[in-house]
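Engineer: One-letter residues, chain by chain:
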Amino acid sequence: MIDPKTDDTFRQITEHAIRNRVDDMARVIAEAGEKAYGQIAGLVVQASAYIAIDASERWPNDADLREVARIASESKASLPVTADEIHAYLSRVVFGTDRVDSVFGDAEKAALVPLYTLANLLVAFKPPQGKGWNDWLDVIESAIETADVVPGTAAPMVMNRYLKK
Amino acid sequence: MAEFLVHERFRIEWVSLATASTSPAPSGGWDECPCRCGCDAGPSSGPDRPRESGEPGSAGWDVTHRFHPDDYIPYTRRQAFDAASNPGGPELGSRGWLALWERRAAGEDVHIPGRSIPFTQADVREWADNPDRDRIPPPGTPAWEAWKADRAGKLGDELAQAKAELAESKAERSKLVDTVSWQADKIARQDEKIEKLESDNDRLKARVAGLEKTAESQRRHAADGAEQEGKADELKRGRRHLPTGKATGVLTAAVEAGNAIGTTSHVLTSGEGSIISAGAAMVAATYLWAKSKWEKKA
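Residue numbers (the numbering used here), protein chains in the order written: chain A, 1 to 165; chain B, 1 to 298.
Accuracy of the hints is not assured; some may be wrong.
Unchecked claim - Calculated pairs, BS3-like style, for lysine-lysine (alpha carbon to alpha carbon, straight line, at most 30 Å):
id : chain 1 : residue 1 : chain 2 : residue 2
1  : A       : Lys-5     : B       : Lys-163
2  : A       : Lys-109   : A       : Lys-35
3  : A       : Lys-5     : B       : Lys-175
4  : B       : Lys-205   : A       : Lys-109
5  : A       : Lys-109   : B       : Lys-293
6  : A       : Lys-35    : A       : Lys-5
7  : A       : Lys-76    : B       : Lys-196
Unchecked claim - Partial pick of chain A residues on the chain B-facing surface, computed with a CB cut under 10 Å:
id : residue
8  : Asp-3
9  : Pro-4
10 : Ile-18
11 : Met-25
12 : Val-28
13 : Ala-30
14 : Glu-34
15 : Gly-38
16 : Ile-40
17 : Phe-104
18 : Lys-109
19 : Leu-115
20 : Val-123
21 : Lys-126
Everything labelled a hint here was simulated from the structure, so no lab data went into it.
Predicted model only: the values in this text are computed from it and were never measured.
Ideal Cβ placement from N, Cα and C applies to all residues, glycine included.
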């Protein structure tokens with residue numbers, strides 16, 4: 001289960017990211033502490049993966065990720081992050097095995113691209129029912145919590161349930 | 001003559017009857033009419049004299065004949081007996097005889113000369129009015145007195161018995177009154193009890209109604225709670241709900257990737273691992289940046 005306090009901090013950071021309030025982001029992250037931010041960072045990566053997968057409607061290949069990155073970079077949030085940066089982050093960090101600091105040489109980039117990517121993804125791919133990004137995060141967090149308790153041995157049955165036409 | 005004969009026959013017959021236990025009538029009859037009615041009747045001509053209509057022993061004798069032309073009182077069997085039983089008394093059917101009766105009726109002790117046992121008009125009436133008079137002795141005789149004493153005894157017994165029955169009846173009545181009174185008390189107590197039960201019943205009904213109202217209220221609260229809980233569950237489920245249309249494609253891709261690599265679970269595990277490692281790398285990068293930036297600003 002996601003700790004409510006962690007979730008609250010996660011949403012504060014996400015909101016600051018969406019509004020591009022860098023100082024506020026830095027303050028909240030620093031005040032949260034390294035341990036708490038470790039949990040938040042995990043949520044940032046998983047939420048980004050969820051949106052990319054959901055948007056691709058399949059296990060995303062490179063073309064999917066590029067399209068997702070393009071759409072995200074053009075979101076209404078107008079954040080200082082490019083489509084290439086988003087694509088690099090998604091393909092190499094989120095769905096790859098590279099470390100973020102090895103992908104982006106600039107420390108600030110390495111720190112902010114993941115947060116700006118999630119912010120853009122939330123704004124660009126928010127559900128069509130007219131709900132906000134907070135509601136979208138509710139759905140994503142529920143999926144993360146469910147996946148946390150589903151063992152690998154349940155995967156065939158999950159596939160049977162959802163792949164069966 | 002005819003009237004005399006009537007008198008004579010009457011006298012002989014009834015005096016014999018009345019004095020049966022004392023002195024029989026003279027066999028030759030009486031020298032003169034004992035009624036002293038003033039008629040000129042002579043001595044009896046004997047038992048063989050011719051009977052005329054209305055004589056004793058003939059039809060209508062009892063009630064039709066009169067002693068005297070002036071006597072308007074009907075000559076009855078009872079009157080005849082009285083007259084015959086009182087040879088020294090007033091003449092039968094006369095006003096004198098009536099006066100004697102009246103005197104006796106007023107309580108005067110009038111004795112009939114020549115008779116040792118006095119008898120009263122009441123005795124005569126009692127005897128004459130008795131439907132069984134032919135089987136009981138006539139008044140003026142010891143047998144009559146004995147009969148009267150016997151009858152008085154019987155009456156006394158009857159009276160005593162009646163009194164006893166009355167007392168018993170009174171006791172029974174008293175007992176019934178007591179019973180009725182007790183029953184009335186009992187009914188009153190039962191009425192009181194019924195009234196109390198009805199009152200208790202009303203109170204219980206009110207209490208039941210109150211409890212039902214409370215229970216209904218609690219049911220409503222429980223229903224509201226369940227509804228809220230249901231909504232919360234639904235919300236929770238909704239929050240956990242994945243958009244199936246999109247997830248299907250994801251899983252299809254996962255299966256495809258899994259097939260390429262070897263197993264589906266391996267793909268998922270590998271993906272999860274990559275996410276975790278990515279998060280860890282991000283912590284180092286982002287936290288250090290934030291801390292540095294914030295410290296500089298502070």
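Engineer: All hints are to be evaluated individually against the structure, with a verdict given for each.
Structural biologist: We went through each hint and held it up to the structure:
1. A/Lys-5 to B/Lys-163: It is violated: about 113 Å lies between the C-alpha atoms, which goes past 30 Å.
2. A/Lys-109 to A/Lys-35: OK: A/Lys-109 and A/Lys-35 at ~21 Å, within 30 Å.
3. A/Lys-5 to B/Lys-175: Violated, at roughly 95 Å.
4. B/Lys-205 to A/Lys-109: Measuring from Cα to Cα gives roughly 79 Å; hence the hint is violated.
5. A/Lys-109 to B/Lys-293: Measuring from Cα to Cα gives roughly 13 Å; hence the hint holds.
6. A/Lys-35 to A/Lys-5: This hinted pair holds, its Cα atoms lying about 13 Å apart.
7. A/Lys-76 to B/Lys-196: The given pair, whose Cα atoms are some 82 Å apart, is violated under the 30 Å limit.
8. Asp-3: Check failed: Cβ of A/Asp-3 comes no nearer than 15 Å to chain B, outside 10 Å.
9. Pro-4: Violated. Min distance 13 Å.
10. Ile-18: violated, 16 Å
11. Met-25: holds, 7 Å
12. Val-28: holds, 8 Å
13. Ala-30: At about 4 Å, which falls below the 10 Å cut-off, the nearest Cβ of chain B leaves the hint on A/Ala-30 intact, so it holds.
14. Glu-34: holds, 5 Å
15. Gly-38: holds, 5 Å
16. Ile-40: Check passed: Cβ of A/Ile-40 comes within 8 Å of chain B, closer than 10 Å.
17. Phe-104: Holds - the Cβ of A/Phe-104 comes within 10 Å of chain B, reaching about 8 Å at its closest.
18. Lys-109: holds, 9 Å
19. Leu-115: holds, 7 Å
20. Val-123: Violated - the Cβ of A/Val-123 stays beyond 10 Å from chain B, reaching only about 18 Å at its closest.
21. Lys-126: Since chain B brings no Cβ nearer than about 12 Å to A/Lys-126, farther than 10 Å, the hint is violated.
Going through the hint list in order, the structure does not satisfy hints 1, 3, 4, 7, 8, 9, 10, 20 and 21.
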